[in-house]
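Protein chains: 2
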Amino acid sequence: MTAIAATDVLLARAYLSRVGEPGNVGLWLFVREVGPVAAMAALRAERASSRLLAETAARRAAADPEADLASADRHGLRLVVPESDEWPHFAFAALQAATAPLARAYRKGDYVRKESGEPVPPLALWVRGPGDLTAAAVRSVGIVGARAASPYGEHVTADFAFGLARREVVVVSGGAYGIDAVAHRAALAADGATILVSAGGLDRAYPTGNAALYERVAETGLLVSESPPGCAPQRRRFLTRNRLIAALSTGVVVVEAAARSGALNTAMHARTLGRPVLAVPGPVTSAMSVGCHDLLRREDDAAVLVTCVDDVLAVVGGAGEGLVERAKPTDFVRSELDGLSPTARAVFDGLHALRFSRPDEIAVRCGVTALEVIRTLPALDAAGLLETSDAGYRVAARVRAATGKR
Amino acid sequence: MTAIAATDVLLARAYLSRVGEPGNVGLWLFVREVGPVAAMAALRAERASSRLLAETAARRAAADPEADLASADRHGLRLVVPESDEWPHFAFAALQAATAPLARAYRKGDYVRKESGEPVPPLALWVRGPGDLTAAAVRSVGIVGARAASPYGEHVTADFAFGLARREVVVVSGGAYGIDAVAHRAALAADGATILVSAGGLDRAYPTGNAALYERVAETGLLVSESPPGCAPQRRRFLTRNRLIAALSTGVVVVEAAARSGALNTAMHARTLGRPVLAVPGPVTSAMSVGCHDLLRREDDAAVLVTCVDDVLAVVGGAGEGLVERAKPTDFVRSELDGLSPTARAVFDGLHALRFSRPDEIAVRCGVTALEVIRTLPALDAAGLLETSDAGYRVAARVRAATGKR
Chain A
1 MTAIAATDVL
11 LARAYLSRVG
21 EPGNVGLWLF
31 VREVGPVAAM
41 AALRAERASS
51 RLLAETAARR
61 AAADPEADLA
71 SADRHGLRLV
81 VPESDEWPHF
91 AFAALQAATA
101 PLARAYRKGD
111 YVRKESGEPV
121 PPLALWVRGP
131 GDLTAAAVRS
141 VGIVGARAAS
151 PYGEHVTADF
161 AFGLARREVV
171 VVSGGAYGID
181 AVAHRAALAA
191 DGATILVSAG
201 GLDRAYPTGN
211 AALYERVAET
221 GLLVSESPPG
231 CAPQRRRFLT
241 RNRLIAALST
251 GVVVVEAAAR
261 SGALNTAMHA
271 RTLGRPVLAV
281 PGPVTSAMSV
291 GCHDLLRRED
301 DAAVLVTCVD
311 DVLAVVGGAG
321 EGLVERAKPT
331 DFVRSELDGL
341 SPTARAVFDG
351 LHALRFSRPD
361 EIAVRCGVTA
371 LEVIRTLPAL
381 DAAGLLETSD
391 AGYRVAARVR
401 AATGKR
Chain B
1 MTAIAATDVL
11 LARAYLSRVG
21 EPGNVGLWLF
31 VREVGPVAAM
41 AALRAERASS
51 RLLAETAARR
61 AAADPEADLA
71 SADRHGLRLV
81 VPESDEWPHF
91 AFAALQAATA
101 PLARAYRKGD
111 YVRKESGEPV
121 PPLALWVRGP
131 GDLTAAAVRS
141 VGIVGARAAS
151 PYGEHVTADF
161 AFGLARREVV
171 VVSGGAYGID
181 AVAHRAALAA
191 DGATILVSAG
201 GLDRAYPTGN
211 AALYERVAET
221 GLLVSESPPG
231 CAPQRRRFLT
241 RNRLIAALST
251 GVVVVEAAAR
261 SGALNTAMHA
271 RTLGRPVLAV
281 PGPVTSAMSV
291 GCHDLLRRED
301 DAAVLVTCVD
311 DVLAVVGGAG
321 EGLVERAKPT
331 DFVRSELDGL
341 SPTARAVFDG
351 LHALRFSRPD
361 EIAVRCGVTA
371 LEVIRTLPAL
381 DAAGLLETSD
391 AGYRVAARVR
401 AATGKR
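These protein sequence lines are chains A and B, in that order. 349 is the number that this note's numbering gives to position 349 of the first sequence; each next residue is one higher, with no gaps. 259 is the number that this note's numbering gives to position 259 of the second sequence; each next residue is one higher, with no gaps.
I should point out that these hints are in silico values taken from the structure, not numbers from a laboratory. Every residue, glycine too, gets a C-beta built ideally from N, C-alpha and C. Keep in mind that a hint or two might mislead.
[Said to hold, decoys possible] Here are a few chain A residues that face chain B, going by a calculated C-beta distance under 7 Å:
id	residue
1	Val34
2	Tyr111
3	His293
4	Arg297
Put together the whole structure using the sequences plus the hints.
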């Protein structure tokens with residue numbers, strides 16, 4: 001599918017993602033300076049600044065990147081690193097730019113970490129799902145909001161996420177209860193692509209009540225986390241996680257947010273990264289709209305008031321439009337198809353778009369034995385590339401839409 | 001109460017308000033140039049521009065200002081003119097300023113009347129009620145919106161109007177069904193002052209279903225119209241009427257408005273006059289909030305998003321604050337008290353603030369015969385200065401609040 005980074009780089013980045021807290025400016029600068037492999041070696045040999053050694057002390061002794069990569073493999077995760085093709089350089093350019101002033105302060109020795117999370121690029125991303133992160137993060141909208149969403153907020157979220165997904169916009173959110181979960185579900189319901197950025201390791205869902213949602217997102221979209229398997233989501237990680245939601249989105253829509261909602265932190269990150277912040281107004285009698293109204297009347301950088309999908313597209317539709325050919329969820333499908341074995345690809349090509357076929361019919365069309373067809377179909381099914389009925393198999397609806405296969 | 005303009009001026013302005021359509025730039029310029037008495041004489045003698053003669057032709061023949069003034073008197077109306085103390089020069093200064101470019105165009109002969117209503121000062125106002133228009137228009141907020149208001153809109157309107165009235169802000173609106181009516185009623189419920197600007201003559205309520213509301217406003221607040229008694233409200237008069245709501249308000253709050261609501265016309269007038277436009281957000285799923293959301297996201301001169309009474313006060317509270325002593329609804333009451341006959345004033349002074357008294361008790365306290373007390377009490381009652389119960393009479397709540405009478 002994509003160029004795979006060298007094993008030593010993967011090992012080093014797995015190690016760094018384990019020992020450093022997400023958003024650590026000093027560690028990111030150190031890695032940029034000496035490279036990931038040398039950075040790991042230096043930390044292991046305790047040949048780094050006392051600050052860095054102190055900040056990584058808690059996890060250095062127990063860090064075992066081989067075990068983390070093996071665990072990731074068991075959980076179907078891959079490690080996406082800046083050295084691999086799937087790294088969303090375009091999306092993270094804003095993070096890197098926003099890091100510059102922090103880097104200056106850090107070098108001058110007067111850097112104090114902000115509790116709200118720093119806009120530092122991640123060192124690596126643990127990823128699960130068939131989507132391609134680079135492609136997905138080009139035409140994408142973050143939809144975030146209250147966990148304790150109102151029926152109104154859930155209704156609007158479903159409407160927006162479904163409509164955007166139908167318009168080939170990738171829906172990015174955080175997998176929480178409330179607005180987040182509705183956004184992911186509605187994007188899935190629209191046969192669209194969705195990215196769930198988790199604050200903890202992807203070996204488990206957080207909250208556990210959304211485990212089924214995580215699985216569904218992993219089937220057709222992307223689960224993303226900065227933390228290796230086994231990391232529990234902590235408050236600080238939610239705040240640093242939010243910068244990734246902002247960075248991976250062309251713009252961020254806040255649907256509902258109470259006065260001190262985490263969604264406002266995501267909006268703050270979006271502003272820092274130059275991403276448009278969009279907010280949905282609501283009844284002034286609803287505590288869940290207070291944060292949105294506050295965003296809408298900020299004196300500087302007020303959010304854009306949006307009431308429908310077209311409003312959102314008017315703001316973010318232009319962003320990345322030159323890259324739209326690359327960005328379309330089409331690419332999710334293309335990369336899945338490119339990843340198939342020659343036999344599986346032949347079997348896929350033997351499927352009808354609309355009419356269901358039996359395995360023996362498919363075998364005739366694709367020149368593969370019926371036994372091989374029968375062996376291959378489950379993999380195509382698992383990849384979400386086909387639909388089944390009593391009458392047989394055909395191309396999945398989202399694949400028809402993406403490839404124009406008729 | 002206030003200095004009364006000379007009879008010939010009243011007659012002339014009554015005539016002019018009958019023959020000219022509200023918002024007629026040419027007529028207003030002509031009257032400013034030659035004065036109202038000469039303007040009437042000229043129109044009657046057909047010694048005016050052909051344009052003015054054409055524009056007033058329809059009503060000149062039948063105009064009978066003596067009859068209009070007599071009819072007004074029968075309906076309890078007074079004619080407030082620029083030559084009288086009660087004329088709200090301060091409030092109308094913005095109208096006069098906004099007329100300047102129209103005047104230039106008119107003189108150059110390339111003036112075309114806008115259907116949305118021109119910001120021309122009125123020639124005279126027909127007024128009913130105990131309030132003083134000058135005082136009332138200094139610390140005042142227009143609350144306007146949809147006739148087909150939603151329960152949400154009515155709830156917010158009641159909350160705002162009640163709260164503003166309690167904070168001694170005069171509530172200005174148009175007497176229509178929906179938001180307007182709720183605004184007036186909530187202000188009355190708060191023992192506050194309210195101004196109802198009607199699009200038709202004040203001999204009748206429009207809509208007739210709000211006749212009781214008109215009566216209640218007339219008891220303690222002000223009914224205002226540019227049109228003499230007998231004038232039916234026409235579409236164009238609603239649009240020109242809206243400029244008066246804007247002019248008489250320090251700021252205008254649009255609570256609910258459909259996409260093409262008349263409330264948006266009032267907001268347009270407010271912008272023209274430099275009055276802040278405030279809008280209440282609502283559910284994006286409600287057609288009644290579409291106009292508000294459009295106001296909130298205008299690229300130039302976007303409305304201020306308000307969610308509560310304090311938000312409104314933060315925007316308009318400062319305006320006229322130097323004049324607040326003059327503007328307080330207190331002055332409604334003061335001017336009522338100043339307007340009383342010496343006997344009526346003595347009887348009023350004989351009332352207890354909280355304890356109900358019988359007429360004979362009042363007589364003892366104020367040194368007026370019991371018969372005179374009994375004769376005078378109905379007038380005080382009609383003026384809204386007292387409250388009655390089986391136990392007798394006492395000072396009305398709003399008067400207690402305004403005068404601090406204990």
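Consistency of the hints with the structure:
1. Val34: violated, 49 Å
2. Tyr111: Violated: closest Cβ of chain B sits about 37 Å from A:Tyr111, beyond 7 Å.
3. His293: Status holds, d = 5 Å.
4. Arg297: Holds - the Cβ of A:Arg297 comes within 7 Å of chain B, reaching about 4 Å at its closest.
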